[in-house]
Structures are given as C-alpha cells and as structure tokens.
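J.: What follows is each chain in one-letter form.
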Amino acid sequence: MKVLTVLDPGTSKISPRTGQGACCAPAAAKSSGDMPVAAPAVYPEMIQAVITGYMEVPGNRVPVVSTSWNRADRMGEIRSRLSNFRMNYAVPPGLYAVGTPGAESDILVSANYKLSFDMLRRELKGRDLWILVIDTAGINVWCAAGEGTFGTEELSQRIVGHGLGGIVTHRRIIVPQLGAPGIDAAEIKRRTGFRVHYGPVRSSDLPAYLEDGYRATPEMRTVTFSSADRLVLTPIELIPALKSYFFVAVIFLILFGLDTTGILFRKAWSEGMPMVAMGLAAVLSGALLTPVLLPVIPFRSFAVKGLITGTAVTALMIHGAGAVGRNDGVLTAMSYIFFPALSSFLALQFTGATTYTSLSGVTKEMKYAIPLYIAAASVSLVLVVIYKLMDWGIL
Amino acid sequence: MIYIKNVVTLEYDKELCTGCGRCTEVCPHGIFEMRDRRAVITDRDRCMECGACSRNCEYGAIQVKAGVGCAQALLQSKISGGDPVCGCGSPGAPAGGACCG
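If you're matching them up, the sequences are chains A and B in order. With the working numbering as the guide, the letters of the first sequence map in order to residues 2 to 396. With the working numbering as the guide, the letters of the second sequence map in order to residues -13 to 87.
Only chain B is shown next, with the shape it has when bound in the complex:
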C-alpha cells in the first residue's frame, strides 16, 4: 500500500554512498536497491519516514525527518506542544493507539 504522494522528507546523496548496502537491509518497505555498487531509491512514495536508513548510514548519505505517522500523536503534539511522539513508554504519556501493541 502506498500513502500520500510527494510528501516525504527523504533525501539521498549518491555521491556519499559507499555501497555498503545497510539501507537495503533496514528499510521495511524495500525502497533501496543496489545498482552498480551504489544504492538507488526505487519508490520514494513508499517511504514511511521511520528513519532506519539514515540512522544506519555511516556515511551520511541519507537524511530523513523521522517521526511517527500517527494522527493521535500529531493531535496531542498540537494541543500540548512538542514533537509528535506516540508516547509509548513515556511516563504521563497520552492514551496509546494501536501502535503501542
């Protein structure tokens, strides 16, 4: 399934890629592929901004504003301020949605 198009913050700099392949290992939507010993993005709109790729890219080739795609978390952050987090495991966190299971 693909979510809303042309919105994700994923940025990739091919020049910095060393071809280690970590991004292909960690992306839960398989959007990276190795071609000619470099990673390429096959379908950017499948990115859910989980941040696994950028955190595991040792060479800083991938940047993404990671966060939770959760309306409840966003609503909560608008009401109380701060970043939208689902709050699971944080003391005093809001009632969790299905994500917490």
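Just chain A, with the same shape it has in the complex:
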C-alpha cells in the first residue's frame, strides 16, 4: 500500500440536511449496492472539523480523523442524549484512518451514528488503524444490529467495495460485539475472506483488547446497566412524556374547573392544580424514579415496579402534601387508581432502553398490563364523573 499524500482538510461546506423531521427517519441514504464505493467528494462540516488530513490508498482517498473531541462533538453527545437530534446525527459511511495505518494495521468497524464513531475514535489515541464505517442509517451499533441494518450484507459489501483486500495484507476485521445480532461471521468469511473478530462491548476496553491479541475478558464481553447508564437514558423517555402530559394537565384543569355555570378559573386552580401536580409526580415516578431505582424496587416486571413507585408517590402526595381533601373518598380512590397506572405505563416504556429485557418477557407483561391500564382509565373516568355529579349536588 502506498501512503502518499497528506492533503489539507477540505474547506468546502455542505448545507445541513433538511426534511428529516421524523425521529426515526434515515439520517443517511442507504448504499445502493453499486460497488466499489467511492468516498464522498465533500464531508459534512462536523466531520471536516475532525479530519486532520487525507491518505491515498489504492482507488480511494481516505480521511484521517482526530482522536480528540472538540466542542461540537461534546455538544453533539449532549443533544443526542436529550432529543431527537440524534436521529439526524450521522457520519458518511466509508473508510477512515487514525494515525498513519499501513498494510498490517487493524480494521475496526463502526456504525455511522456520529456518537458511535466519536466514542470509538476517542479510544484510539496514538494508534494506527483503519475504521470502516458502515451505513446503519445513522443508528447505533446494537439497535442497528437488531434491525439488521448493521448486517452481513452491508458489511460484506463495504469490505469488498472499499477494496480492503488490497489495502491490508491480513484478513482480520474487528466488529463490535454488540453488532453480532446482525452479523453472520461465517458468511462474512465466505463472501470476503475476512475473519470477524468480535471486539469488546465497550469501546473503552478496545486498547486492552488490542494489546492482549484480540482477547476480551468476560467482563469486557458483558453489558452492564448501572445507575449512571440508566440516568443518562431517562431524558429520552421523560421529555416526550412531559410534553404529552401537558395536554393531560390541560384536560385536568378544564375537567375540575367545569361547573354547572361554565368553566370556573378559581375552581380549575384550586381543585385541578393538585391533580396536575399528582400527575406530574406520577410521570416522574414512572419515567425517572423507576428507571433510576430499578434494581431496588421489588419484582421483575417493569409494570409492577412502576405501579409500586407510583402508589408510593401518590400516597406521599395525598397524605404528605395533602393533594386531596381528607374526606374526599371518591377523588382519593380515583388518584390511587389512575396515577399508579400512569407511572406503571411509563415504567413499562423504559423496557426499550434497557440492556436486558427480552421480547418474550415484554410480551408477557403486556398481556396483563394493557387490559389493566384500560380498566384503570375507565374506572378513573367513572369516578371523576361521580365526583363532579356530587360536586354539583346532582348525586
């Protein structure tokens, strides 16, 4: 292989992508399958910022990327954790270089989600390696592997299309372990001649894995789900839940403000606001408290866990904060039915963020949880109607 030139990073700009409002819309066009694959003529600005030069390899010009994070990379991580910004945070698929790799250098595979790419390159300080970014529509490795976009077809096409066989003399390709649900290693070998070595789960273990001759300890092969991991994942559930809850809160205010003479502001405020506060507590209970306290809450079912925290939080609001009048039996009953169910529903949604829930398990939970939620909502509605009729002196 010839390492010829290190060029200046390009200065051309690319206009930001538009029309990608839907959260799960593909952030990058899928490869057409027409191989060989050429590098893009111009890289997006956020990628330009981490490109330190270019290398010429047979039939391709490969960008060399920095192993440091700049301010935009750090902001990108925060925004990805907080919002749907992440659905449009992609790196152009293709071959990249770290340091000055040669014919014997390892090839690491990454998804084209920018955060996956950033987490990887950050761990490669002082090394000379190739990074093969495959097109996963801007989605992280594990999810994309589950969907099949981080898959055998895409990887083998990239290996062949980028001419890796002519760039390196060895036939090893290091794939993140969490990509394994989408990759048939034997099929990759048959199609490309490259043997898949599954790297560790976390990119932070890559240096140790590489230094130990592609061996990972059992710890490196196992996913964890620490309280910090869980906390980081909560905003993605919590923020949309709070947005949806705003409409529920408005309904509460209208419902409790409703009088025989119209909607009374004073009534909406005095009777509706405590309900709004209880609902807010239930949202926080299901989408924040339950995920963070997951291992210490009894039972394995997420719906039950959410029900327990929801009941505790509701009790605290009623008896501790006096959200419901002492003699208001109907409203107290409604509160103990509706708010724990809301907390339970939101806790169950968190199954999508965990690293250990199975399809069979969630299916089992939903069989009893969904009818329970429908029943809870119906009974709550009946109780509110009874409360209002009593309030108006009809009952």
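Hints listed in this document are in silico derivations from the structure and should not be mistaken for laboratory results. Quick reminder that beta carbons are idealized off the backbone N, C-alpha and C, glycines included. Please note: incorrect hints may appear among the correct ones.
Think about it this way: if two alpha-carbon atoms lie no more than 30 Å apart in a straight line, the pair counts; the simulated DSS-like pairs of lysine-lysine are [claimed, not checked]: (1) A:K244 / B:K64; (2) A:K389 / A:K268; (3) B:K(-9) / A:K365; (4) A:K244 / A:K389; (5) B:K0 / A:K365; (6) B:K(-9) / B:K64; (7) B:K0 / A:K190; (8) A:K190 / B:K51.
Have a look at the derived ranges for each label pair, beta carbon to beta carbon [stated by the list, open to error]: (9) A:L83 / B:E1: 44 to 52 Å; (10) B:G67 / A:S245: 21 to 29 Å; (11) B:D29 / A:R192: 40 to 48 Å; (12) B:D(-1) / A:L281: 46 to 54 Å; (13) A:Q49 / B:I65: 24 to 32 Å; (14) A:V251 / B:T28: 50 to 58 Å.
Once you've looked at the hints, dock chain B against the given chain A.
T.: What follows is chain B alone, placed relative to chain A:
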C-alpha cells in the same frame, strides 16, 4: 439484572455443538460457557433474545426467536400489525424510544 423468568425462546442442542466458542464470544450476558469442549447454558433467564448466538452459530446448535424487548415496539406492532421492531432507521417509523440512541 434478571428479567422475567421462564419465558425466553432460547433452544440449544448440545449434539450439534462443535465447541467453536463463538456463542461465548457474542452473548452480551455471558450465558454460555465452555465445558469439556462444548458450550453449556449457565443461566437461561439472563437471555434477552438478541439473537447474536443463533446468527453466529455455524452449526445450527442454537435457536432463538430474536426480537426487541421494547413495550413501545410491541404496542406499535399490535396497532399497525407486523413484527415488533423498534423501527430505528426505517422510513416512516414510529417515534423512537431511548433505544435509538
């Protein structure tokens, strides 16, 4: 952490195992172990049905109905029909949960 017991669809046929050890490499919960040059399942309830083991077992010794353990995906599939997928990266997919990050 262990999820609900006795529900996973994981099936393993020891007779077909050649002892290559791929399953011990790919399982993110370390449920396979090599004993006497054959894989054994140490804790079946830790399986999350990701399907990495069955996809990478060249000899067909492992079968599992792989899928996403995500309530939102299941709910969506019940409403619109089809298999429960988190939909990340699919055009017109539902609003993604935390899994998409």
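J.: Determine for every hint whether it applies to the structure shown.
T.: Verification of the hints:
1. A:K244 / B:K64: Holds, at roughly 24 Å.
2. A:K389 / A:K268: 12 Å, holds
3. B:K(-9) / A:K365: With a Cα-Cα distance of about 10 Å, the restraint between K(-9) of chain B and K365 of chain A holds, given a limit of 30 Å.
4. A:K244 / A:K389: Roughly 27 Å between the alpha carbons, so the hint for K244 of chain A and K389 of chain A holds.
5. B:K0 / A:K365: 28 Å, holds
6. B:K(-9) / B:K64: 23 Å, holds
7. B:K0 / A:K190: 24 Å, holds
8. A:K190 / B:K51: 25 Å, holds
9. A:L83 / B:E1: 44 to 52 Å: At 50 Å between Cβs, range holds.
10. B:G67 / A:S245: 21 to 29 Å: 24 Å, holds
11. B:D29 / A:R192: 40 to 48 Å: 34 Å, violated
12. B:D(-1) / A:L281: 46 to 54 Å: Holds, since D(-1) of chain B and L281 of chain A (Cβ atoms, about 52 Å apart) stay within the stated range.
13. A:Q49 / B:I65: 24 to 32 Å: Cβ of Q49 of chain A to Cβ of I65 of chain B: about 42 Å, so the range 24 to 32 Å is violated.
14. A:V251 / B:T28: 50 to 58 Å: 52 Å, holds
Checked against the numbered hints given earlier, this structure breaks hints 11 and 13; the rest are met.
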